[in-house]
Amino acid sequence: MRGFFRNPRRVLVVCHDLAATAAAVAGAFYVRFVDIGLGDRLHWLMIFLPGYLVYAGIVYWTFHLYAAKWRFASLPDLWNILRAVTVLAASLLVADYVLLSSYFYGTFFFGKVTIALCWVLQIFFLGGPRIAYRLFRHSRTQHHARQVGAIPT
70 MRGFFRNPRR
80 VLVVCHDLAA
90 TAAAVAGAFY
100 VRFVDIGLGD
110 RLHWLMIFLP
120 GYLVYAGIVY
130 WTFHLYAAKW
140 RFASLPDLWN
150 ILRAVTVLAA
160 SLLVADYVLL
170 SSYFYGTFFF
180 GKVTIALCWV
190 LQIFFLGGPR
200 IAYRLFRHSR
210 TQHHARQVGA
220 IPT
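Residue numbers for the sequence shown follow the numbering used here, so the first one is 70 and each next one is one higher.
Think of the hints as simulated: they come from the structure by calculation, not from any bench. Don't be surprised by glycine CBs; every beta carbon is placed ideally from N, CA and C. Some clues are possibly wrong.
[What the hints assert, rightly or not] Taking CB as the label site, the calculated pair distances span: (1) Val80 with Gly180: 28 to 36 Å; (2) Leu118 with Arg206: 15 to 23 Å; (3) Leu144 with Thr210: 15 to 23 Å; (4) Arg206 with Cys84: 32 to 40 Å; (5) Gln211 with Asp104: 40 to 48 Å; (6) Met115 with Val156: 39 to 47 Å; (7) Gly180 with Ser208: 16 to 24 Å; (8) Pro145 with Phe193: 33 to 41 Å; (9) Arg75 with Leu147: 24 to 32 Å; (10) Arg75 with Val167: 13 to 21 Å; (11) Val163 with Ser208: 29 to 37 Å; (12) Leu87 with Lys181: 23 to 31 Å; (13) Gln211 with Ala91: 16 to 24 Å.
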């Protein structure tokens, strides 16, 4: 754990993943509830979101999303993202049924549409930058390889 904080890139990856998760949840809530009561749920979302981000960090740690280098993003990395996001979506579904109890919120807080939308947004926000960075690095490498003074391998 101590070695983890010595590597600033890994810390940056974890911060990105948690920010992407927060953006996905907030975006899903905004898209789903902007017309039918976003203000009523916003207070409860601000209470729920920090705990959810801590839980998401644990799930991401379990699936080793921090370990892969973005410039070598591959299908196994995207598979790990898919698995981690699916676990988080299933956890949101369970939390939604717990909040359905009359002791807590009394009705569905997220709803199935919000959870599905959050799942899609998380996959896009977590996998998209990794693939974009890989393509950027690949095009930069190809550009340097095509220069006049480049040495062929």
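Starting from the hint list further up, note which numbers the structure goes against and sort them upward. Failing hints, ascending: 2, 4, 6, 7, 8, 10, 11, 13.
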